[in-house]
Amino acid sequence: MAAINSVEQLEAYRRELASAAKPDLPTVLVCFGTGCQANGAIPVAEAFMDMVKEQGLQLNVNIGFKTTGCHGYCENGPLVALRPQDILYLKVKPEDVPEIVEETVKGGRVVERLVYRDKVTDEVVPRYSEIPFYKHQLRIALRHIGTIDPTSIDDYILAGGYAGLAKALAMQPDDIITEVERSGLRGRGGGGFPAGTKWRSCVAVESDVRYVMCNGDEGDPGAFMDRSIMEGDPHAVIEGMIIGAFALGSHQGYIYVRDEYPLAVKNLTAALEAAREKGFLGENILGSGFSFDIKISRGGGAFVCGESSALMRSVGGDVGEPRAKYIRSVERGLYDKPTVLNNVETWANVPEIILKGAEWYASMGTEGSKGTKVFSLVGKVNNTGLVEVPMGISIRELVENIGGGVLGGKKFKAVQTGGPSGGCIPERLADLPIDFDSLTEAGSMMGSGGIIVMDEETCMVDVAKYFIGFLVEESCGKCTPCRDGLPRMLDLLTEITEGRGGEEHVAMLEELCDLLTWGALCGLGTSAANPVLSTIKYFRDEYDAHIRDKKCPAGVCKALITYSIDPEACTGCRLCAKNCPQECISGERKKPHTIDTARCIRCGVCKDVCAYDAVRIS
Amino acid sequence: MEKISVTIDGRTFEAEKDRCVLDVAHENGIYIPSLCYNSEVTSSGGSCRVCLVEAHQGGRMRLVTSCNYPVRKGLEVKTDTPLVRRIRRGVLELLMARVPDSEVILEMAAAEGLTEPRFRKDEGESERYKCIACALCTNVCAEVVGVHAIAMTERGADKKPATPYHKPSEVCIGCGACAYACPTGAITLKERDGVRRIWGRDFEMVRCSVCGTPYIPVAQVDWIVSRTGKDRSFFDKCPDHR
Numbered sequence: 130m131a132a133i134n135s136v137e138q139l140e141a142y143r144r145e146l147a148s149a150a151k152p153d154l155p156t157v158l159v160c161f162g163t164g165c166q167a168n169g170a171i172p173v174a175e176a177f178m179d180m181v182k183e184q185g186l187q188l189n190v191n192i193g194f195k196t197t198g199c200h201g202y203c204e205n206g207p208l209v210a211l212r213p214q215d216i217l218y219l220k221v222k223p224e225d226v227p228e229i230v231e232e233t234v235k236g237g238r239v240v241e242r243l244v245y246r247d248k249v250t251d252e253v254v255p256r257y258s259e260i261p262f263y264k265h266q267l268r269i270a271l272r273h274i275g276t277i278d279p280t281s282i283d284d285y286i287l288a289g290g291y292a293g294l295a296k297a298l299a300m301q302p303d304d305i306i307t308e309v310e311r312s313g314l315r316g317r318g319g320g321g322f323p324a325g326t327k328w329r330s331c332v333a334v335e336s337d338v339r340y341v342m343c344n345g346d347e348g349d350p351g352a353f354m355d356r357s358i359m360e361g362d363p364h365a366v367i368e369g370m371i372i373g374a375f376a377l378g379s380h381q382g383y384i385y386v387r388d389e390y391p392l393a394v395k396n397l398t399a400a401l402e403a404a405r406e407k408g409f410l411g412e413n414i415l416g417s418g419f420s421f422d423i424k425i426s427r428g429g430g431a432f433v434c435g436e437s438s439a440l441m442r443s444v445g446g447d448v449g450e451p452r453a454k455y456i457r458s459v460e461r462g463l464y465d466k467p468t469v470l471n472n473v474e475t476w477a478n479v480p481e482i483i484l485k486g487a488e489w490y491a492s493m494g495t496e497g498s499k500g501t502k503v504f505s506l507v508g509k510v511n512n513t514g515l516v517e518v519p520m521g522i523s524i525r526e527l528v529e530n531i532g533g534g535v536l537g538g539k540k541f542k543a544v545q546t547g548g549p550s551g552g553c554i555p556e557r558l559a560d561l562p563i564d565f566d567s568l569t570e571a572g573s574m575m576g577s578g579g580i581i582v583m584d585e586e587t588c589m590v591d592v593a594k595y596f597i598g599f600l601v602e603e604s605c606g607k608c609t610p611c612r613d614g615l616p617r618m619l620d621l622l623t624e625i626t627e628g629r630g631g632e633e634h635v636a637m638l639e640e641l642c643d644l645l646t647w648g649a650l651c652g653l654g655t656s657a658a659n660p661v662l663s664t665i666k667y668f669r670d671e672y673d674a675h676i677r678d679k680k681c682p683a684g685v686c687k688a689l690i691t692y693s694i695d696p697e698a699c700t701g702c703r704l705c706a707k708n709c710p711q712e713c714i715s716g717e718r719k720k721p722h723t724i725d726t727a728r729c730i731r732c733g734v735c736k737d738v739c740a741y742d743a744v745r746i747s
Numbered sequence: 690m691e692k693i694s695v696t697i698d699g700r701t702f703e704a705e706k707d708r709c710v711l712d713v714a715h716e717n718g719i720y721i722p723s724l725c726y727n728s729e730v731t732s733s734g735g736s737c738r739v740c741l742v743e744a745h746q747g748g749r750m751r752l753v754t755s756c757n758y759p760v761r762k763g764l765e766v767k768t769d770t771p772l773v774r775r776i777r778r779g780v781l782e783l784l785m786a787r788v789p790d791s792e793v794i795l796e797m798a799a800a801e802g803l804t805e806p807r808f809r810k811d812e813g814e815s816e817r818y819k820c821i822a823c824a825l826c827t828n829v830c831a832e833v834v835g836v837h838a839i840a841m842t843e844r845g846a847d848k849k850p851a852t853p854y855h856k857p858s859e860v861c862i863g864c865g866a867c868a869y870a871c872p873t874g875a876i877t878l879k880e881r882d883g884v885r886r887i888w889g890r891d892f893e894m895v896r897c898s899v900c901g902t903p904y905i906p907v908a909q910v911d912w913i914v915s916r917t918g919k920d921r922s923f924f925d926k927c928p929d930h931r
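These protein sequence lines map, in sequence, to chains Y and E.
For the first sequence, the working numbering gives the first residue as 130, with consecutive numbering after it.
For the second sequence, the working numbering gives the first residue as 690, with consecutive numbering after it.
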């Protein structure tokens with residue numbers, strides 16, 4: 130179809146789509162996010178397509194079918210949602226498809242074995258919106274994901290897409306910036322810098338050329354909200370960027386996506402093409418006289434390229450290394466021109482803020498952190514995945530209500546937030562509201578929204594060691610404190626976890642943390658101390674146990690633990706002996722077994738396989 | 690050029706707006722140690738972190754690298770506070786552990802009262818030798834010489850300057866500007882029998898027609914001639930005999 134040349138034409142086109150749509154038509158939605166595809170969603174979708182074709186022909190029954198972006202509940206994939214019944218099926222296999230079509234699509238009945246069953250209460254919840262994981266969510270950035278087909282621009286327009294842009298084009302650019310300022314939207318990528326303030330300071334700089342950029346170089350371990358948005362609702366990001374460009378007077382935008390996100394690159398590329406065809410990008414957008422286009426720049430996967438100045442150098446064709454930001458990017462950014470760089474989730478919020486107004490957005494969240502935030506809830510928790518909640522929800526609510534509590538009924542110990550730049554917050558502070566300022570005050574940070582839940586079997590020294598090890602690998606090596614300080618911190622942490630740490634180790638770690646915080650060049654270096662400082666602050670007793678008693682209380686650090694078998698609990702089933710890679714477990718059948726600790730490599734296989742919980746760690 | 694006034698260690702100076710703090714300080718007799726910065730190379734600096742100073746501006750204090758922090762109105766700089774000394778000492782201790790053979794680093798560290806680093810020394814890593822990965826050599830090669838024969842490679846602690854694929858570079862002109870600029874003397878340049886060896890490549894030298902001393906690589910003469918159109922015969926004699 131031809132390009133849409135005015136706001137009126139856009140609304141007419143939307144009405145046309147709406148009249149052709151059949152909201153009551155039974156529709157099967159198969160999640161085609163990366164997680165579900167990896168879990169086998171492709172054969173499931175194929176089975177549905179065959180069934181739809183076959184049944185449609187034979188019985189003259191119309192069935193709608195589409196593939197969608199990520200629903201966030203990836204551990205239970207492949208996910209299949211059914212509309213209008215509002216049913217969600219988990220872990221669907223191709224062989225379940227005929228039954229779903231017969232029972233649910235045609236018969237309106239629920240296939241009980243495929244629905245959510247609460248791990249604690251054993252309650253069966255067939256309705257999508259009533260599953261605890263979804264019930265407490267408030268989806269703005271993820272508003273369309275899971276309901277629209279990300280490869281169809283019509284689906285996006287039908288769901289209200291590009292209405293924010295239409296409204297923005299009728300506004301004064303300055304008023305758009307004011308609206309974003311008043312909404313209180315803060316950058317979702319890490320630092321939480323107010324988006325409106327950034328835009329305002331960029332327009333204040335005189336220049337003939339300005340750039341808007343989107344940071345899709347998501348790199349925190351376990352975080353995947355940006356990928357999910359780029360894959361599942363690419364037009365939301367594009368629409369946000371067009372609005373931003375119009376407000377800032379920019380004519381060229383860039384989306385920096387890491388190449389490890391092939392589906393995001395594919396869906397964004399297709400979405401840009403579709404937006405160009407429809408006239409949302411290119412010359413004279415919607416007849417407004419405003420012109421703007423977006424290019425995709427693929428990143429090679431360096432963690433540091435998520436840092437704004439390194440990202441801009443990478444887009445410009447240089448090695449992705451940060452520079453001193455004494456002159457800010459809004460003044461001198463990409464190709465030395467004034468540049469606004471915002472994160473994927475930030476851009477995805479913009480169309481809704483313009484459409485529904487700053488008051489609406491600012492009515493959610495806390496005093497200093499407005500709106501909602503997408504978190505990737507992972508670790509030792511019953512329900513893992515992507516969740517979007519209003520800012521200010523407590524850590525405990527997130528872990529217990531949405532996450533369904535700690536896995537296996539174990540004791541909740543801490544959460545790690547903010548990835549390698551963040552820190553660990555202990556259970557006793559779990560009633561802390563999650564917002565930018567309280568997390569920073571607690572010695573952690575929001576970061577991109579990764580939340581890793583830890584239980585009593587997590588060693589906090591080991592956690593600090595893991596993150597410092599990650600940063601050693603990812604340091605670009607440009608400045609001395611980060612390049613040479615982090616490996617020394619890793620040395621000290623390794624020595625502590627191996628029982629070779631002395632009293633001076635913690636003091637030296639603190640000294641190095643101080644050096645990084647004050648002396649490193651970029652934000653990654655200056656925040657790299659957080660995983661160490663926060664664990665020393667809240668879990669000093671664990672450091673002391675490793676150093677003074679040569680013990681790892683959580684039973685994780687291999688050099689400090691021994692495995693043994695409780696003769697009372699052991700039934701002599703021989704399962705551990707059969708699975709031991711060292712063959713160092715001996716004992717007669719039906720009699721208690723013993724472990725030869727001299728040969729044991731503390732791999733934990735015996736503990737994992739024991740059905741009687743007879744393996745002890747001390 | 691707009692002039693502004695800036696205060697460094699309690700003394701107020703007139704300076705051109707946006708010049709770096711370190712240059713302004715040095716011109717006014719205030720010493721700030723540095724390694725990776727050369728005032729002739731605009732792309733240099735910001736990496737070694739030895740020249741950190743306190744910058745007080747707009748009611749806010751930050752520790753900044755004086756080699757690339759622009760002087761602007763109302764800026765007050767402090768170069769010798771307990772915080773500056775503590776962080777500089779920490780940076781030098783890390784550098785001592787990284788390149789224990791570097792006399793320059795040892796001397797600079799000694800000035801801060803350091804004799805031995807408390808950390809594991811990177812000994813026996815001959816490839817690293819005295820290199821602090823500051824990138825001054827690659828900046829000089831790209832910006833001043835304009836040939837881009839070397840670039841920083843690898844990342845993290847392994848970061849180092851190198852020619853492409855660690856093979857002798859075809860574009861290198863053997864000028865040795867990298868070795869000259871290197872703050873720690875980490876780049877080896879050897880000359881024997883009228884041949885200069887640098888970055889794994891041998892360069893034939895032009896001998897002075899008066900004293901016979903080999904003084905400039907032929908490749909460098911070619912480069913200058915092609916760039917400036919200067920007469921080749923100009924290079925027949927060394928600077929002492931022109």
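Quick caveat, the hints were computed from the structure, so don't treat them as lab data.
Bear in mind the structure is a predicted one, so any value in this text is a computation, not a measurement.
Beta carbons are placed, not taken as given, at the ideal position from N, Cα and C, and that holds for glycine.
Any given hint could turn out to be false.
Chain Y stretches covered by chain E per the calculated footprint, using a threshold of three residues with CB under 8 Å from any CB of chain E [said to hold, decoys possible]:
(1) 453–462
(2) 605–612
(3) 632–646
Quick partial rundown of chain E residues pointing at chain Y, CB under 10 Å, derived from the structure [to be verified]:
(4) TYR758
(5) PRO759
(6) GLY763
(7) LYS767
(8) LEU781
(9) ARG807
(10) PHE808
(11) TYR818
(12) ALA822
(13) GLU843
(14) ALA846
Evaluation of the provided hints:
1. 453–462: holds (count 3)
2. 605–612: holds (count 7)
3. 632–646: holds (count 5)
4. TYR758: For TYR758 of chain E, the interface hint holds, since the closest Cβ of chain Y sits about 5 Å away, which is under 10 Å.
5. PRO759: With Cβ-Cβ at 6 Å, under 10 Å, it holds.
6. GLY763: violated, 15 Å
7. LYS767: Violated, about 14 Å.
8. LEU781: At about 9 Å, which falls below the 10 Å cut-off, the nearest Cβ of chain Y leaves the hint on LEU781 of chain E intact, so it holds.
9. ARG807: holds, 7 Å
10. PHE808: holds, 5 Å
11. TYR818: violated, 15 Å
12. ALA822: holds, 6 Å
13. GLU843: holds, 7 Å
14. ALA846: The hint holds - ALA846 of chain E has a Cβ within 10 Å of chain Y, the shortest such distance being about 5 Å.
Hints 6, 7, 11 from the earlier list are contradicted by this structure; the remaining hints agree with it.
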